[in-house]
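Single-letter residue listing:
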Amino acid sequence: MEAAVFFDGLSSRRRVVRLSFADRLEIFGVEAPDGAPLASWPYDAVRRVDGPANALRVSCTTAPPLARLELRDPSARADILRLCPALDGPGGAGTVSVWRIAVASLAAGVAIIAMAWFGMPLLANQLAEMMPYSWEKPLGEAVDGQVRTLLAGHACESPPGIAALKKLVGQLQGVADLPIAPDPVVLQSGVPNAFALPGGRIYVLSTLLTVSQTPDELAGVLAHEFGHVTHRDGLRRVIRDGGTSFLIGLMFGDVTGAGAVLMAGRMVLSAAYSRADEERADAFAVSVMHRLGRPAAPLGSLLHRIIGSADDMVSSVLHDHPLMADRKARLEAEDIPPTGPALLDASEWQSLKHICNR
Amino acid sequence: MIMPATSTVPAAPALVSFTGRNGDFRRLVVRGAVLELVTFGFYRFWLTTDTRRHLWSHTEIAGDALEYTGRGRELLFGFLIALAVLGPIFLVYFLIGLEAERIKAFASLPLYLFLFAFGQFAAYRARRYRLTRTVWRGVRFWMTGSGWSYAWRSMLWGLLLVPSIGLAYPWRTAALERFKLRHTLYGNLPGRLDATGGQLFGRIWWIWLLGLLPFLLFAGGLVANLFASHPPAAAIVAMLLGTALLIALPFLHAIRRAREWAWWAGGIRFGSVTVTCDLRSGSLIGVYWALIGFSALVFFAFAAVAGGLTAVLVAGMHVRGPVSVGQVPIWGMAAYAVSYLLLGVALGVLARIYTLQRVWQRVVRACAVINIEGAADVTAAGELVSGFGEGLADGLDFGF
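Chains as they are written, first to last, in our numbering: chain H, 810 to 1167; chain A, 749 to 1148.
Keep in mind that a hint or two might mislead.
[Said to hold, decoys possible] Interface residues of chain A toward chain H, partial, derived using beta-carbon atoms under 7 Å:
#, residue
1, 786
2, 787
3, 788
4, 801
5, 805
6, 825
7, 829
8, 883
9, 886
10, 1106
11, 1123
12, 1125
13, 1127
14, 1128
15, 1131
16, 1132
None of these hints come from the bench; they were simulated from the model.
From the three backbone atoms N, C-alpha and C, an ideal C-beta is built for every residue, glycine too.
Produce the complete structure using the sequences and hints provided.
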């Protein structure tokens, strides 16, 4: 059996060698045993590298990086193990400290979560302040196309209904004074909902009109959406969610299936943000309604009618809106008796409710 | 053992062997998977490296084992650099997408093509990293050629796949693999692939045809069902046959993979060195069925745990009565998340064992090298490249 095999790292020549353990490790070719050594390695520069199970494979930090000596003979292997003090020192293939990786990863993980939790909302707020309102328009239009495709409902445009809607929105805008002109559209849909897009577009889904019992209820919802527009919540949410998912995606990389956990994490995070957003929008709605001399409590009743009972079934951690009971209580606490004129008269209200009838 | 270069005796094929033990590899990947969990996934760079170190160092060509010289921290740095590059690209991508959406809803879909091309580029660069970390007899492998030139080839060939219902696949594979091998060198010894798309087609065409059949039969059966007032016997027969073929798909896939490996490995040449591969067609069937069986087991266990968890949570809510807010407690969310992560980790372990190590083992053992003397005195050449390509591939993987 070959005691030792040597590769000089400059060519793939395979040399069977004989070793001499002098003050340095000397490597002689067996074909020319009396000639000059093929290599002479200081013992403390010898490093262990990956090799087959039946051999000890070493390199040398002072030799070409890929020079290799393979020891198959157990006694030669024992000699090397005995004579080389830094076999697993730097520059070799020594095992990495798992503890170091674990601690560093933990630190990185904590830093990333902290950035997602504290840094991203801060960054989103700052960026949203800096962006001119005109930049929201394209963002809103991009989302708009998708919303229209997904909802697939046609816009409701009966002229008396539109006139009533314009009147209602005009009154709200009169006191709310949005920096972007609000642009409400009623869409045919079975879901009772309303939402604001970046850029001022406000969608009211037709079932919400069916469910609303008074103009004040609907006005409250619209004022709430005005709050989102004026606070630029849509824009901030886009920045926040994009940044957070990028940050969290950083961590799990290829742990297969971690995607769903990421999604859950993002939902919890963005729900936590948007609860604050919803509370601010509610407060905005209250102030708008009060300035019009109208009560704010009807907004609470309407919301309760729509999602109040369903709310108990849904995980409140995941739910986007503040707990229904809290919201309703807060809106009722701030309620005032009506002092101003009704926002719409009975016939206008009926036209608006039937805006989808042709 | 191998003769010195001066030998003139025509040598028998040199053996290529795999000496790794299944148990060792299993322990390695299970330990790595647990560490991945503890480290938020960051351990993946070291796990990938350890996996390769194991496979390489247990693969012997003519008695000398390969060596993998890459390190986990190179992959980590590559990943971080890739993030710095990908961050702005994703941002630009997002803005372009926004602009495209404005013009027409969902118009940004073609932009995915760009990211796919980028992924191909990354794959090429990642291969280059792996090759320059692969050492045999003190000389490293390396690679020339441009990642972009590979990416557009891959894209153009990919365009042919759909209209030809997969018929172009053998020629695409051949073109891409030939490109890669043509730009691969061992020291100063250039590599190439002596295998053609026609040869690959000859080996797997019937599998392609059989693979299409279940879908055709299913569709045929459904159509027959739709148009007949009562399902005619022919439709039932077609559906049954389709189901049978669906069960046969893993067999077909395993056979196709085996034949493809044999075709590929048997075509590898470095200078006058020739690789042969007599991987039997059936040799991967057991591997794939083991993967399917264990995966099913893991899914079953996961379903049982998740079901039990849900039952406990629902029971807990009822006790608190209907007035209380139906709130999933934080520990419940955490338990779901942990069991989900465990599922992912377990599937990752299975994938590494069965689609990586077992396949590697069987392919390597089926190979031999003729005229290994052609590599007896190869001059070292080639520079190391960074782990950037691997980082890109990793980054694009989670990005989209």
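field: Satisfaction of the residue 1128(A) interface hint, Cβ to chain H closer than 7 Å
entry: holds, 5 Å
message: Checking hints one by one. Is residue 1106(A) an interface residue toward chain H, by the C-beta closer than 7 Å rule?
response: Hint on residue 1106(A): violated, closest Cβ of chain H at ~18 Å, above 7 Å.
field: Interface restraint verdict for residue 1131(A) against chain H (beta-carbon cut-off 7 Å)
entry: violated, 12 Å
- prompt: Any CB of chain H closer than 7 Å to the CB of residue 1132(A)?
  reply: violated, 9 Å
- prompt: At a threshold of 7 Å, is the proposed contact between residue 829(A) and chain H supported by beta-carbon distances?
  reply: violated, 13 Å
- prompt: Holds or violated: is the Cβ of residue 886(A) closer than 7 Å to a Cβ in chain H?
  reply: holds, 3 Å
Minimum beta-carbon distance criterion (7 Å), residue 805(A) to chain H: Holds. Min distance 4 Å.
query: Is the hint on residue 787(A) kept, meaning its closest Cβ partner in chain H is under 7 Å away?
result: Since the shortest Cβ distance to chain H is 3 Å, the answer is holds.
query: When the nearest CB of chain H is found for residue 1127(A), is that gap smaller than 7 Å?
result: Since chain H brings a Cβ to about 5 Å from residue 1127(A), closer than 7 Å, the hint holds.
- prompt: Was the hint right that residue 786(A) lines chain H, CB cutoff 7 Å?
  reply: Status holds, d = 6 Å.
- request: Answer holds if the nearest beta-carbon of chain H is closer than 7 Å to that of residue 801(A); otherwise answer violated.
  value: holds, 5 Å
Satisfaction of the residue 1123(A) interface hint, Cβ to chain H closer than 7 Å: holds, 6 Å
Going through the hint list in order, the structure does not satisfy hints 6, 7, 10, 15 and 16.
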